[in-house]
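Peer 1: Residue numbers (the numbering used here), protein chains in the order written: chain A, 1 to 478; chain B, 1 to 419; chain C, 1 to 116.
Calculated directly from the structure, the hints in this document are not laboratory data.
Computed from a predicted structure; not experimentally measured.
Heads up, a few of these hints could be off.
[Said to hold, decoys possible] Estimated spans, in silico, between C-beta atoms of each pair: (1) B:Gly267 with A:Glu363: 53 to 59 Å; (2) A:Ser455 with B:Leu72: 35 to 41 Å; (3) B:Gln375 with A:Thr232: 35 to 41 Å; (4) B:Thr241 with A:Lys285: 16 to 22 Å; (5) B:Leu210 with C:Ser80: 31 to 37 Å; (6) A:Arg301 with B:Pro380: 54 to 60 Å; (7) A:Arg301 with B:Leu210: 49 to 55 Å; (8) C:Gly84 with A:Ala211: 53 to 59 Å; (9) B:Asp71 with A:Gly465: 33 to 39 Å; (10) B:Leu210 with C:Lys89: 55 to 61 Å; (11) C:Gly84 with A:Gly465: 30 to 36 Å; (12) A:Arg301 with B:Glu353: 33 to 39 Å; (13) A:Lys285 with B:Leu322: 53 to 59 Å.
[What the hints assert, rightly or not] Stretches of chain C that chain B covers, calculated by requiring three or more beta carbons in the stretch to come under 8 Å of a beta carbon on chain B: (14) 4-14; (15) 53-63.
We put the CB at the ideal spot given by N, CA and C, even for glycine.
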Amino acid sequence: MKLDAAIIGGGVVGAAVARVLSRYHLSVAVFEKCDDICMGASKANTGIVHSGYDAKPGTQKALFNVAGAKMYPALCAELGVPYKKCGALVIAFTKEEQVTLSLLRDRGCQNGTVRLSIISGDEARALEPALSQEVIAALHVPKSGVVSPYEMTFALMEHAAVNGVKVYTREKVLRVDRQADGFLLTTEHHCVTAGTVINCAGIGAAAVRTALVGDTVRLIPRKGEYHLLDNTGYKPFTRTIFQCPSVMGKGVVITPTAHGNTLIGPTAMDVKDGEDVATTADALKEALDKGRRTWPQISTRTAIASFAGIRAHPVSDDFIVGHTQTGFFEAIGIESPGLTAAPAIGEHLGKAVAAYLKAGLKEHIITPCVCRKPFREMNFKERGEAWREDPTYGTVVCRCEHVTEAEIKKAIHAPVGAGNIDAVKRRTRAGMGRCQGGFCGPRVLDILSDELAVSPMRITKFGEGSELLTKEIRGGDI
Amino acid sequence: MTRADLLIIGAGPAGLAAAIAARQAGVKDLLVLEREEASGGILRQCIHNGFGLHRFKEELTGPEYAQRDIDLAADLGIRIQTNAMALSVTRDKVVSFVSRQEGPRQIECGAIILCTGCRERSRGAIGTPGTRCAGVFSAGTAQKFVNLHGFMPGSQVVILGSGDIGLIMARRMTLQGARVLACVEIMPYSSGLNRNIVQCLNDYDIPLYLSHTVTDIRGTSRLNGITISRVDENRRPVPGTEIDFSCDTLLLSVGLIPENELALGAGLNLSAATGGVLVDDRFETEIDGVFSAGNALHVHDLADDVSEEAARAGRAAADYLLRGGQKRQMLSVMDGRGVLGAVPQKIAVPAEEDVRVRFRVDRVYENAYVCAHAQGAVFPRRKHRILTPGEMAQAVLPKQPLSLAEGDIVISIEGEKER
Amino acid sequence: MTVVTCIACPVGCRMGVETADGAVTAVSGHGCKRGVEYARQEAVCPMRIVTAVVRVRGGMPLSVRTASPIPKKDIFACMSAIEGIVVNKPVTMGQILIEDVCGSGVAVIATKAMNE
C-alpha cells in the first residue's frame, strides 16, 4: 500500500485530521488497532465543549481549545451531531476558590472567551436549585456546551471516508521506519509506504514518537471513572457544574450529556497500564463523594452504567501539536480539553500536512451524509415518511432509547460501519439506556449476524475475543 | 387518528388476563398491543415448570400457561397486534405506537390498561466494579439466548443474586451443559422461592453464598474471572474475605424494576417503594380511565397472581367504559412497620367487595401477624409462620370492616416472637 | 438419616427421614403434615419434571418437558436423550417427542406449537 498520509489512531483527533486531509488530492488512510474507531479517550470522557477559560494563556491547550470551541456549533450542525449549548458554572466553596474564579475569568478574557461573569451562591442556586448551600460563588460560562463524543468522532471519520480516506480497524501499527522518501509502516496485515505520518495514537503516541524521533515524551495514563444516570425522570442540573480546578485536572464534574443523561466524574488516578479501563470500587465511591459537595442529594438510584477512561497526560502539561520532523506530524498528550480542541487540531495538522505535500484542494467535496434524524427525535409525520421509505423504521429494537431496526442496519452498513454490539450501541444508542441492552442485546446480535452474514457465534461485544455466545443448541445437525 | 374503547399495552400474562376479563365483561372494541413478535410476554422464555398451580391446579411451563390465555383470547375474538411498540401515552388517552406492518399510528382510547412488565436491574445500576468485558449478562437475557434463540452464552458460570430468574438459570445452564460454580447473594437470605433454592441449586450441588457480593470483574475481552467478598451488615465488602472464581460468564439476577416510561410520559407519579404507578382498588391510576396491572405495577413472584390482579383491572376498565367513571371516596393505604410497597395505595369506601392488599416485608419475620388498622374499623389479623422479602405477602381486607373505616389504612407486621 | 429441605412453604423446614430397606420409618423436624408427605417421597425417590430446549430442523429451538415427574437420578440421562433428538416442524403443543424417556415410562412432550 502506498499512501501520501498515514494517520495512526482512529480517535477524535485522527478523525478530525482525516476529514481535513480528505479535502485534498491525497491518498490517506487511518490505522486503528481496535475493532472500531473511537475506542480510547474519545469514547470515555465528559463530552464537554469547554469554552476556554481554563487553559493557561499562550499554551497550545488554550490556542486549540478556544479555536475548537468556536468551530463546534457549526461543525455539529453540518455533521448532524448532537450538541447542546447548555452553559456551565464553576463553583467555589471557599474564599481561596473564589480567588481562583477571578483568575479563571481573567484567563478566559485573555484566551478570548467572552461573556464570563462571577455570580453569588444564591444566584447560582437560582439557576441550578440542586446546588449545594455551601456554594458561595460561581463563574457563569454561558457558552459552554456538551456533545456526544463518539458520534462526533464517527461523523468526522465518515465524512473523511466518503471523501476517499480509507479506514482500517483491527490494524495495529507494529513498526514505523523512516525511508529515503518517507516512511515504512508495518501493520498487522499490511506493509505501507507513506509520505507523511500523523501520530494521533492517544496513549500510544509516545511509543510512535520514540520509534521515529528517539527522544521521549512522557505520557502518564490518567484514569478517570464515571457514573452515568438515566435520561428519564429527575435531572439535577441543566448546566455543566465544575468544581474549581486543581493540579489533577478539572475535578469532579456533574453534567447533562448531549442525550439528556447525567454524568458524574471523572476521578483522576495515574496508572501504569494505558489499557486499564477497569472501574474500581474506590474510585466510583470517590466520584460520588466528590460529586456530593456539588450536589448534596447525589444518588445512584437511577444509575445505568459506570465506566473508566484513560487520558494521556503529558508531563509537560501541554499538548504537543505540530510538524515534529520532516514528514512526521503529531498530536500528543491530547487530554482535556482535547475533544473541544480536536477540530482545530485537525484543521492545523491537516493543512500543515497538505502544505508539506504541496497538495491541491479537490474541486468537489461530498457533503456529509446527514441521514434522517434519529427515530426517537422524529415527529409523527417524519416517522411516517421514514417508515414509507423503509418499513424497518417500524420495528423498534431498543425499547429504552427507541432505536429502530432501520437505524441499526444503517449503522452496520455506514461508511465506517459497526461490526460489533458496542459499535452499534455507540452509533445508534441501542443498548445505551436503562436496561443496558438486556432486552435488545439478543436482537442486535441477530441483526449483526444477518447483515454481516456471519454466525451469531462470531458476533462480539467489541472485537475478537469478546464473543458473546459459546455454544449453539439449535438447528438440524448435532 | 383511529379510536378504540379499550387499549391494552402488553400481551404478557397481565395484558392477556386483562383483555379476557374486559371482553367477558362486555367490552367489544378492544385492542392489545404487543412489542414482541408473539404474545405471552416473559412467559415465552420461562420454559420451566411451576406455573398455574394456583389458577389451574396443575403444573405448567411458562409457554403452556401463556398459551391457555392466548387460546382463550383468540376464542373471544380479541385482536392482538404484535410487533407493535407503544411510544407514548398522553393524559387525554391518546396512544402513539409504531409497527412494521402499519408504520406510526395514533389511537384515541376510552380506557387504557398499562401492562408493560418489568426489566432487570443491570450491572451499571448496582455499580459492580471491574472491566466491561463480554460475558456479563442479566439472567433474563441469558434465558432468552438459551430458550428462545438456542445459544449458550457461557460454559463456566457464576450467578450474582438469588432472585428466581437467577436460580432458574442456574439449573438451565447446568442442564444444557454448563458448569455453575456458585450463586452469590448480598442479603443474608435468598430473595428467591424456597422451591427454587432446593430444585435449582441443591439438586445440582451449586453452592449458595449468602451475605456475599461480586467485588471485581476481570477479563479484557471475555470475562475470565471474578472475585466475591463477604459483606457486613451494611452490605459493605469485608476486606480479606475475597474468593476468586475462574469463569467466563456472570449472570445477574439482582432485582426487577417495573417499566413505566409510558406512565411517566403521561404525567403519572411512581411509588418509590414499588416503582409502579399509584392505583386504587380497581387498579385505576391517578388518570381516570388509565389502569395498570402486572409487573409494571409491582413485581410479582407468581404469574397466577398477575393474572388474578390483571383480570380485576380488566373488569374495572370494562365497568369504567360501560358505566362511566364515578367519584368515589378514597382512603389511603399506608406501609406500616415491616411493610414495603402495599398495593393498591388507595381503596374506595364503601367497598364493593373484599380487597386484597399485596406487599413485601422488609426482612424475615417468624410467627408474626399481618395486621391492618384504620379508625372505625377492626380487621382480622392473620398469623404467618414465616414472612420473607422473597415472597409477596398479602392482607385481605373484608368488605364489611372496610366500609366502616374512616381514615388511612395502615398495614403492618406485628407480634413477632423474640427468638 | 436423609435430610430434606421442605418446599411446601417459605419456612423451608429441614426434616430428617429415617429409612429401612427403602421404606420410610420416621420423619422428624417437619412443621406441618404437608412436609411429611414431601419428605417421604424425597427420601425414597425424589421426582422432578425436567424441562429443556431441543433442536428443530431449520429453526429456533423448541421447549419441551417430561409429561410427569421422573426420578431425580435420571435427570441427566433424560437430558442426554433430549439432546439426541432433532424435531421436524410443524409441532403441536403437547406432541409426544420421546415415548418413554430412559425407561421411566414418561414421555417428553412439546410445550409450545411451531408452524412450518
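Peer 1: Please go over all the hints and tell whether each is borne out by the structure.
Peer 2: Against the structure, the hints:
1. Taking the beta carbon of each, Gly267 of chain B and Glu363 of chain A are about 55 Å apart, inside 53 to 59 Å as hinted.
2. The hinted window of 35 to 41 Å between Ser455 of chain A and Leu72 of chain B holds, with their beta carbons roughly 39 Å apart.
3. The supplied range of 35 to 41 Å is met by Gln375 of chain B and Thr232 of chain A, whose beta-carbon atoms lie about 39 Å from each other.
4. Between Thr241 of chain B and Lys285 of chain A the beta carbon distance is about 18 Å. The supplied range of 16 to 22 Å therefore holds.
5. For Leu210 of chain B paired with Ser80 of chain C, a C-beta distance near 33 Å keeps the hint of 31 to 37 Å intact.
6. For Arg301 of chain A paired with Pro380 of chain B, a C-beta distance near 37 Å fails the hint of 54 to 60 Å.
7. Checked against the hint of 49 to 55 Å, the pair Arg301 of chain A and Leu210 of chain B fails, with Cβ atoms roughly 25 Å apart.
8. At roughly 58 Å, the beta carbons of Gly84 of chain C and Ala211 of chain A sit within the given window of 53 to 59 Å.
9. Taken as a hint, the range 33 to 39 Å is violated for the pair Asp71 of chain B and Gly465 of chain A, whose Cβ atoms sit roughly 46 Å apart.
10. The hinted window of 55 to 61 Å between Leu210 of chain B and Lys89 of chain C is violated, with their beta carbons roughly 45 Å apart.
11. As the Cβ distance of Gly84 of chain C to Gly465 of chain A is approximately 32 Å, the hint placing it in 30 to 36 Å holds.
12. Roughly 37 Å separates the CB atoms of Arg301 of chain A and Glu353 of chain B, a value that falls within the hinted 33 to 39 Å.
13. Taking the beta carbon of each, Lys285 of chain A and Leu322 of chain B are about 56 Å apart, inside 53 to 59 Å as hinted.
14. Counting residues of the segment 4-14 of chain C whose CB lies closer than 8 Å to any CB of chain B gives 7, which reaches the minimum of 3, so the coverage claim holds.
15. Counting residues of the segment 53-63 of chain C whose CB lies closer than 8 Å to any CB of chain B gives 5, so the stated coverage by that chain holds, three being the minimum.
Hints 6, 7, 9, 10, counting from the list given before, are not met by this structure.
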